[in-house]
Amino acid sequence: MGDKYETAREMMNLEKEKYSTQLEDAEKMKTILNSLKIEHSSEKVVLGSLVKSSTCLFFVSISLGKIPVNGKEVFVISPLSPIGQSLMGKQVNNSIEFAGKVERIIAIA
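Position 71, counted from 1, in the sequence shown is what the working numbering calls 71; the numbers after and before it change by one each time, with no gaps.
Hints are computed from structural coordinates only; laboratory data are not their basis. One or more hints might be untrue.
Said to hold, decoys possible - The calculated lysine to aspartate or glutamate pairs, modelled on EDC-like cross-linking and capped at a C-alpha distance of 16 Å, are:
#, residue 1, residue 2
1, Lys90, Glu43
2, Lys52, Glu97
3, Lys52, Glu73
Build the full structure now, drawing on both the sequences and the hints.
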């Protein structure tokens with residue numbers, strides 16, 4: 001009887017740790033989102049930039065993946081992701097290469 005109790009208790013502790021880590025990650029993402037200055041425009045890609053490339057729209061903030069916004073698909077990416085790192089600091093008419101494709105930056109908002 002003791003083994004079942006200990007196993008169940010350990011499984012609950014593991015689940016608690018997993019949810020605690022997820023909560024911590026969500027709080028970090030919330031802090032990043034709250035710190036964004038989206039009304040501020042920049043000539044270079046920075047945290048909070050909406051980047052229109054030759055084929056896609058990117059919003060540099062936290063990693064959420066592809067989300068629909070007003071009938072368009074926007075890739076919400078982290079500046080630490082590979083494509084985010086490629087975009088950071090770039091300007092209009094600069095190009096990046098990602099996944100074997102060349103993307104030209106058309107606009108930054």
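Against the structure shown, which of the earlier numbered hints fail to hold, in ascending order? none
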